[in-house]
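Construct all of the structure, not just a fragment, from the sequences and the given hints.
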Amino acid sequence: MPYLHQAVASFVPFDAVSEAARAFKRMLWQPGAPHRFSGYRPGSILAEGIHRSLRREAIRFDELGSGSAKDVILYHCSTDSRIADWLLLRPERVVVYYHNLTPAHFLQPYDPRVAERLRRARRQLVQLASVAEVAVAPSEFSMKDLRDAGYRKVSKLPYPLGFASLPVASPPSRTWGPSKSFGGEDTAVVGTSRRKKVGVVARSMCHKLGPPLLRRTDRSQDPHGADGSRLRRDDKLRLLFVGRITPNKAQHQVLRLARLLSQVAAREVEPILVGATHLPLYERYVRALSDRLGFGPHPFVGPVSLDRLRLYYRTADYFVSFSRHEGFFVPAVEAMASGLPLVALDRGAVGETVGNGGVLVPEDDVATFAGIVAELEDSPDLRDSLVEAGAARACELFDTRAVEQGLVSLLSP
Amino acid sequence: MEQAREGEVTDERDRIVSDDSYQGSPQGGEGSHGIDSARAQFGSAEEGERAMTRDILARGRQRAASFAEVSRLLPELADVEPPTGLARMRNFLEELDPSRKRLTENFPAAARIPGLRRLYDLHAKSAALVDFAGAVISAFEELAAEVEGLSRRIQLLETGRQVDSSDELSESTNEARGEASPDTGPQN
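These protein sequence lines map, in sequence, to chains A and B.
Going by the working numbering, the first residue of the first sequence is number 9, and it counts up by one from there.
Going by the working numbering, the first residue of the second sequence is number 114, and it counts up by one from there.
Calculated directly from the structure, the hints in this document are not laboratory data.
Treat the hints with caution; some may be incorrect.
Claimed, not checked - Simulated coverage check for chain B against chain A, where a stretch passes if three residues somewhere in it have a Cβ under 8 Å from a Cβ of chain A:
(1) 192 to 199
(2) 246 to 257
(3) 261 to 272
As the list claims (entries may be wrong) - Partial list, computed: chain B residues near chain A (C-beta under 10 Å):
(4) E159
(5) R167
(6) R172
(7) P188
(8) N204
(9) L232
(10) D234
Note that the structure is predicted; figures quoted are calculated from it, not measured.
We treat Cβ as the ideally placed atom computed from N, Cα and C, and that holds for glycine.
Structural data, given as structure tokens:
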């Protein structure tokens, strides 16, 4: 019986790509997994770098012995890696799961080294097309990238949100339309006073929040209190964005939106930017902009624990995104699942991910975003309806059957 | 260029919204907004939700018109970024310079366990030095590219003087003032 291995560049906690590999493994071989996957023996998770807390779950890619042409290596492509070069010489069948690559031009002005690595990753993606049997991606947007890179057999495989290792929540209540089930426990009730008590999910997937060591942040100086208690006490309008602080995610626009809203509405507005930085130069400029806009260092809460992340999702008023490039937008799903109304710039796979669960804005214009938030603030019913639509969309994305079916057709001989 | 493309998308979306038979929700009135209104007009949840989000977008845009003036006065990222690639690289090297800052201040355990902070600091500094060295190499590459671009422009300027090309002259003047120009590398 052949082995099914998976390969990732870095196998680290709180990372979307690593979590996807773990989720697939769990899905295929956990007790009670569908018998149709029994055609493969559980292989290894192979990685170039492995965080010490996950050493039991993965091995270095070059420690894998000689393979067989019947075995499969599912390679999660998200950055450059020596694994991509190594795969060109392996006998196993290669399947590429493409998480997408940030275009280098976004990062070139801020870190030429990172930009060069992304260009290398794109070259590797093209090279792998010659040996990959099939390539899959969680969005049409990424599938187009694959076709452009020369892959002939490309198909969609949803991101395995429904197989996350984190506690599973109950499905959102829905007053009309089809209802679907998450199948779990740990329901969270939306925390703001204005919001209807739709039973929505605080299901937080792991995602790209940076190196795990950086997560050990000292919370004693946290503007929201070490336990986050200050988040619940006041009447500020809170705008949340979750993601690495990088120019393609355009956190500077969130800050500008917050300032605009605070100027046009008689209410204090607080931007909250969750996520680590990998580009110190961009962070430096965004912090300078924050100072100039009068927010100081407060919006930058850094990488946070999952509990803390859930707290932000529960206590924020809006999830706003000006991200210019997403291969699949996990934080948007989390936000919708948490009952946050979502307003997002329609770029990359953002529209595909959000669907009708949020307001998609074609123009990169803070005034339009402010107009939308103002409208929603003045129309609580409309806002609640949007929350409801978002929760329903999150339900669809958590649906495990689509992932199972995609994997079955992918692995069938 | 980017602005023009975005404008096209906006126009397209405007047209879709205005062509839609969904009339939007009446102002005010409990239960008369968004999804309920859409549900009354459309058979399926999906169509209702789509109409609702388009309605919110259209209303937001209308409202945005009154914010445009204030929005134009907001500082931009470009206002805090240095205008040239070399100035950026200088900032970049400053950020990575391991001698500038303590690298382990966010590790609470280091404060509790004797010697751990020193160990972490050494480890972090050696990693930062590698980063710094890489950035210095990149900085020199950037510098070389800019000098090469400048040489080319000087050459063009000399040629331009012979043929009296005012365009090239004005571009080079901008360059001399430290303003970004379209083809001189990553500063844009």
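Against the structure, the hints:
no.: 1; hint: 192 to 199; in the structure: holds (count 4)
no.: 2; hint: 246 to 257; in the structure: holds (count 5)
no.: 3; hint: 261 to 272; in the structure: violated (count 0)
no.: 4; hint: E159; in the structure: 6 Å, holds
no.: 5; hint: R167; in the structure: 9 Å, holds
no.: 6; hint: R172; in the structure: 5 Å, holds
no.: 7; hint: P188; in the structure: 5 Å, holds
no.: 8; hint: N204; in the structure: 6 Å, holds
no.: 9; hint: L232; in the structure: 13 Å, violated
no.: 10; hint: D234; in the structure: 13 Å, violated
Of the numbered hints listed earlier, those contradicted by the structure are 3, 9, 10.
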